[in-house]
Amino acid sequence: MRSDETVTQELTGIQSTDIEAALDPVEADGVYRDSRQCAALALFTGAGKLLLSPPTPRPKKG
Amino acid sequence: MEQSGTSTLLQGAVQDLASGVVSALRGGDHTRSVLPAGTDGEAGDLALAAVRVLGSDALLPALLLRTPPDPAEVAVFRKAVEAYPPRADAAPTVRWSHWGMARTLRRVDPSVTAGPPDEPGTGWLDEAGWQTLTHQLAVLAPLALPGEDCAVSRLAGCHPVDVARGFVRAVRRRDWRQAAGAGRWLTLLPAVPDTVGLASGLDFVELMGGQDPLVALHVQAARLMRSGARV
Amino acid sequence: MTAPDDTGDIRQVAEDALAWVDTRRAGFALGEDALAVDGEVDSSWKPLGELAQVCATVAHHTASFDPLHARARALLDFAWQETDGGELLRRLQRLEPFATYPLEVYAALASAGFRHPAFEEAAAVVARTRGWRLTEQDPTRRLGVLRAEERCGIHRPGQAPHMLTRTWLGGLSEPWTFERDAGYALTHVVFHLTDWGRDADGLPPDLVTYLADWLPPWLDTCLEAGMWDLSGELLAVAAIVARRTGDPVPRDAWRTIRAARRPSGEVPLQDRDPAPADPVDAEVPDDGRYFLHHYHSTLMAAFAAVLTSARPAGPPAGTGARHRHGGQGAPA
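Chains as they are written, first to last, in the working numbering: chain B, 133 to 194; chain X, 23 to 253; chain A, -9 to 322.
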């Protein structure tokens, strides 16, 4: 191990592995949240959902 | 992924350093030193490690704004290059990052007389899908500099649609760092489909992820490069 | 050009999916309240119309001696019988003359060869009104109604291109603005423009290029998010686009869909959906809920699998629309 690296480690605890980990990061997990639609304000919405298009049932949370 | 205490400390130092670079890029203020003047003592060691992690981008204002950097900054940069050479078994991104720093050092420090270091090679990307390719290129975004040729930039130049797809994927996954890095590459690549909407895409990435200085850095670099900055 | 050889595993998805559908005919049956004023059209007419639409495409793309063809035709016969040979649709049209869904369901059945002249005559009368033509619907849905009108002999030349430019896809939206709703809108625009995959040439060249460029990241992220239903629709679009570009089959995506299936071949809407009923589990969903969480994605998987495995060998139609970026080498 190089002497200046040793000094760095002793003083800060920063190691080559920390630096190399920062320079070779794994990909972050994807975060998904799609925009929702709120019915138009002051407009009564009864039926009239899409046909032959996105399915109507929505899954339960969790 | 859980981070060690030192790793968190280092990330914070990198972010601080990146913030300074962003300020310099935004304000065109190249008179103010971005890098720490001295690197003695504990704080200095941390700063030196941060310079190594930020890589060539630590001197980005000097590169993109075409102004000679402060000799004290160059000295710090040089110290970081010399203090943290890649180990023999280091990952390709670590080796390329160091290679990029060495290239930049040769550009800004006339006293460096050694020849250019050998390029590490791009074999690890030969079989990579467009997703992995984009992620790795985004990690190596400091190599995305106008007019600077290397094996990585040539590889990227052969994959404009792949990198554009990776940009779209990164935005959809809300991985703003990857999106910013990919967007920076896209500003340099030929034959990127116009429909990608890069200008508004960069604005969007900055809006959503710009509080992270590393995101802001790549977005600002991309803007400067789009406006014709040359190294 | 990648010939559609070795797509047997993908075709199996369609076979298994329609086999499951066949065992769930009761879920598609109209029931007593098909014409009731408070009937739930989204759980009665909508599934039946979707069954007809998908089976019409499957029948169109398979040879008459193919067991898959026979199953699709049998399911179409079932669907037509559910409408009492179109008579229930005619009665529904009299009850709700300005509703578009009877016409859309009828058009799906008509595309498989079933006709009811009295329904078509009544639809034509209503369609002549300004009120019908100006029915306020989003542009994607409107394109679907225009396609349904065409199927019934009601022609409005020039309307579809105008409507297309107002859709998310037709306006060539920035691909990174893709979300779930944009995804469902764009897949349906493609289905309407190509008559549910029968006519890939219905896609304008700029849309072929746009879709070929951006389908991979959309598909990748929908699969990662476990959105199996939308992924199936995107795979169907990919198969349609590939007829023009010759792009290879996205096999990794198909592997993921195959792995997401339930043991009986049905595909959940998304990966959070409840597992099949288990008699020892008191928390299991009831049968109707299970059907609603699986039928659409299962139909879409069958639809996409048939479009993929039935791709013609040989050079794509409209060669030249693509491959300006060809040979980049990064696998999909």
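Treat the hints loosely; a few may be bogus.
[Unchecked claim] Non-contacting residues of chain X with respect to chain A, defined by C-beta distances greater than 10 Å in every case (computed): (1) LYS101; (2) GLY223; (3) ARG248.
[Unchecked claim] Footprint (simulated), chain X over chain A, 3 or more residues, beta carbon under 8 Å: (4) 122 to 134; (5) 153 to 165; (6) 208 to 222.
Please keep in mind that the hints were generated in silico from the structure rather than gathered at the bench.
Positions of the beta carbon are idealized from the N, C-alpha and C atoms, including for glycine.
Taking the hints in turn, this is what the structure says about them:
no.: 1; hint: LYS101; verdict: 38 Å, holds
no.: 2; hint: GLY223; verdict: 6 Å, violated
no.: 3; hint: ARG248; verdict: 16 Å, holds
no.: 4; hint: 122 to 134; verdict: violated (count 0)
no.: 5; hint: 153 to 165; verdict: holds (count 3)
no.: 6; hint: 208 to 222; verdict: holds (count 4)
In the structure shown, a violation is registered for the earlier hints numbered 2 and 4, in ascending order.
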